[in-house]
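A.B. asks: What follows is the residue order along each chain.
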Amino acid sequence: MTVAVTLAAGERALVHEAVLYDGAEGFDVLVGDAVRTALAHDLPVFAVAPPSRLGILQDIAGDPSPSVLLADMSELGRNPARTISAAEEFFARHPGRRGLFVGEPLGPERTAAERAEVLVNEAVVDVAFADAPLSVVCPYDVSLLDADALDVATCCHACVLDADGRTTRHDHDATAALAAAMAAPLDAPPADAATLRIEGSLHDVRELVRLYAAPLLGPRMTDLVLAANELAANTLRHAGGGGVVRVWHDERSVLCEVSDGGRLSDLTVGRRLPDPEAESGRGLWMTTQLCDLTQIRTDEAGTTVRLTMAR
Amino acid sequence: MQVAGLPDHDHSCFLGSSAPDADPAIVAAVRDSADRGFRAMLVVGEGAAAKRRADRWHALLRTAHAAVDVVGAQQGYDTREGLDPARQVAAWEERVAAAREAGRDGLFVVGDMEWTRQADVPTDLLLDYEARVSELHARAPITGICDYSFAPPRSRDASRAASVHPAVRGTRPAVARGSHFSVSRAGDRELRLAGELDGTGAAALGEALLPVIAWHRDVTLLVEEVEFADIAALRALARVGTELRGRGHRLVLRGPSAALRRAIVTCRWAGVLLPEVA
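If you're matching them up, the sequences are chains A and B in order. Under the numbering used here, the first sequence has 28 at position 28, and the numbering climbs by one with no breaks. Under the numbering used here, the second sequence has 275 at position 275, and the numbering climbs by one with no breaks.
Bear in mind the hints are in silico, worked out from the structure with no lab data behind them. Computed from a predicted structure; not experimentally measured. Where hints are given, some of them may not hold.
[What the hints assert, rightly or not] Footprint (simulated), chain B over chain A, 3 or more residues, beta carbon under 8 angstroms: (1) 65-77; (2) 219-233; (3) 276-286.
[To be verified] Label-pair restraints from in silico Cβ distances: (4) V71/B x D275/A: 19 to 29 angstroms; (5) V265/B x S280/A: 13 to 23 angstroms; (6) E225/B x D131/A: 40 to 50 angstroms; (7) A214/A x R177/B: 52 to 62 angstroms; (8) G248/B x D192/A: 32 to 42 angstroms; (9) V265/B x D204/A: 56 to 66 angstroms.
Ideal placement from N, C-alpha and C gives every residue a C-beta, glycine not left out.
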């Protein structure tokens with residue numbers, strides 16, 4: 001298996017591999033093998049997996065150790081964009097060492113919008129960790145996922161290990177894949193969305209979101225208000241104003257988006273850990289920490305960031 | 001170094017025209033210093049108005065049965081060549097040492113700062129001097145009240161001078177006010193923040209907060225009335241907290257709401273702003 005081999009060999013480059021496994025037993029064999037190999041070589045392991053797979057990893061990891069961090073995908077990865085900065089934070093504590101990052105991002109419960117973000121996330125992994133001595137394993141359960149979901153798995157990895165243990169490789173331009181994913185249009189918001197032009201007052205933006213979301217979200221409204229404030233602040237700071245904020249809801253969620261004429265130069269922003277000394281870059285990242293989904297789209301026509309909070 | 005037993009108002013700025021003895025805290029400071037065996041020193045400015053102020057202070061010092069050394073501003077501050085902050089602070093250190101050699105436990109000073117207006121001392125130089133004095137007060141047994149109660153046109157300077165003192169007596173000046181937030185002096189070493197702190201007011205907030213670094217003390221921000229704070233505002237707080245920590249002091253947030261705490265923790269600024277949860 002590719003990852004296990006690179007871990008054992010002390011490979012210095014990034015290896016990013018999709019692992020298509022079949023149920024718990026397949027997970028234990030294919031993913032568990034990578035974790036066992038990493039632990040045998042005393043390498044740091046960060047794994048984010050659904051609750052049904054966490055137990056397997058805990059059994060393999062044994063006693064708690066600062067070199068192993070296991071997290072629940074349904075919590076940390078509820079917004080899939082959070083996992084990358086969490087991984088950066090973890091591996092920063094183990095500098096100069098090869099590490100294993102396991103992230104199972106896609107379960108059958110993911111919405112179409114979330115699936116699209118998983119696709120973006122996989123591309124960001126390639127760009128963000130391009131120079132990192134990291135082995136990234138992305139397990140996908142073929143017993144639970146439909147063909148479309150498995151297409152996501154295979155299209156965004158240069159290396160795919162299938163359930164029968166066969167490895168397939170194909171050419172993969174991560175930068176182009178990320179640019180394409182970030183330019184893919186979002187569904188248009190409904191015509192009756194509450195809409196406000198951003199004209200200098202962040203207070204007005206907050207009031208709009210607060211009044212709209214309070215009856216639908218309860219206490220979580222404050223997170224959406226803060227996240228929307230950060231998006232509007234970015235519009236004022238980086239796009240020279242002229243943005244629009246829209247809020248609406250459906251049966252499952254409250255959605256809020258900010259659009260403006262600016263264009264993001266860094267397509268990984270919001271998903272990576274911000275520089276603590278930097279004056280900017282924390283706002284978008286904050287939205288991924290606070291919201292259930294953050295969709296960022298940017299091209300020459302402008303930038304739209306859409307936030308989703310489950311009701 | 002914080003000197004054990006010094007009163008909380010060890011470096012105070014006095015503003016306004018009310019009689020000093022109207023402020024019980026000043027009376028307490030005077031009595032406390034006398035009780036501790038501090039040597040008392042009154043630096044008197046020039047002119048009739050300064051004389052009237054000096055008479056009030058002198059009477060107050062005498063109510064504490066303190067023996068008072070009365071000197072003119074020219075002697076007390078060596079005003080002939082303007083204000084040299086480093087030299088002046090060194091002079092205070094020598095006077096503290098002299099008081100201790102004379103068997104006293106420290107020095108209590110009331111200084112009339114009117115002369116800085118008459119000599120047109122640049123504001124930045126004045127703020128630098130007061131910041132150095134705060135630092136001296138944090139490590140040496142000296143308690144002082146700087147009387148900035150003179151009238152405009154230098155009232156803005158007096159207000160700025162107040163911002164670099166850990167404590168303010170008399171009239172507390174407004175610190176900063178935006179369309180949806182305010183910053184005001186609360187108690188000694190305390191500022192009260194209220195309203196909604198966001199990026200549009202972050203520059204004003206930062207400007208209002210930065211002088212507390214010159215207090216050379218732990219600083220408390222009362223934030224019970226903060227209804228909202230965004231990243232730009234939290235960054236301004238974190239910057240002050242980091243600066244204070246670099247000087248061996250702490251920024252304490254008292255009464256943060258659950259939402260504010262969550263925002264701080266999520267931003268990874270708990271280590272600076274909420275060390276108890278970091």
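A.B. asks: For the range 13 to 23 angstroms, tell me whether the beta carbons of V265/B and S280/A fit it or not.
C.D. replies: Given about 20 angstroms between the Cβ atoms, the range holds.
A.B. asks: Between V265/B and D204/A, is the Cβ distance one that fits in 56 to 66 angstroms?
C.D. replies: violated, 27 angstroms
A.B. asks: Cut-off 8 angstroms, C-beta pairs, minimum 3 residues; does the coverage of the segment 65-77 of chain A by chain B stand?
C.D. replies: As far as the segment 65-77 of chain A goes, the hint is violated, because 0 residues have Cβ atoms under 8 angstroms from chain B.
A.B. asks: Do A214/A and R177/B keep their Cβ atoms within the hinted range of 52 to 62 angstroms?
C.D. replies: violated, 28 angstroms
A.B. asks: Hint says 32 to 42 angstroms; check whether the CB-CB distance for G248/B and D192/A agrees.
C.D. replies: Cβ of G248/B to Cβ of D192/A: about 57 angstroms, so the range 32 to 42 angstroms is violated.
A.B. asks: Mind checking the hinted window 19 to 29 angstroms against the Cβ distance between V71/B and D275/A?
C.D. replies: violated, 53 angstroms
A.B. asks: Tell me whether the statement that chain B covers the segment 276-286 of chain A is true, taking a Cβ distance below 8 angstroms and needing three residues at minimum.
C.D. replies: holds (count 5)
A.B. asks: Could you check the hint for me, namely that E225/B and D131/A are 40 to 50 angstroms apart, CB to CB?
C.D. replies: Roughly 47 angstroms apart at Cβ, these two residues keep to the hinted range, so it holds.
A.B. asks: State whether the coverage of the segment 219-233 of chain A by chain B holds or is violated, taking the criterion as 3 or more residues with Cβ-Cβ distances under 8 angstroms.
C.D. replies: Satisfied; 7 residues make the cut.
Comparing the model with each earlier hint shows violations of hints 1, 4, 7, 8, 9; every other hint is respected.
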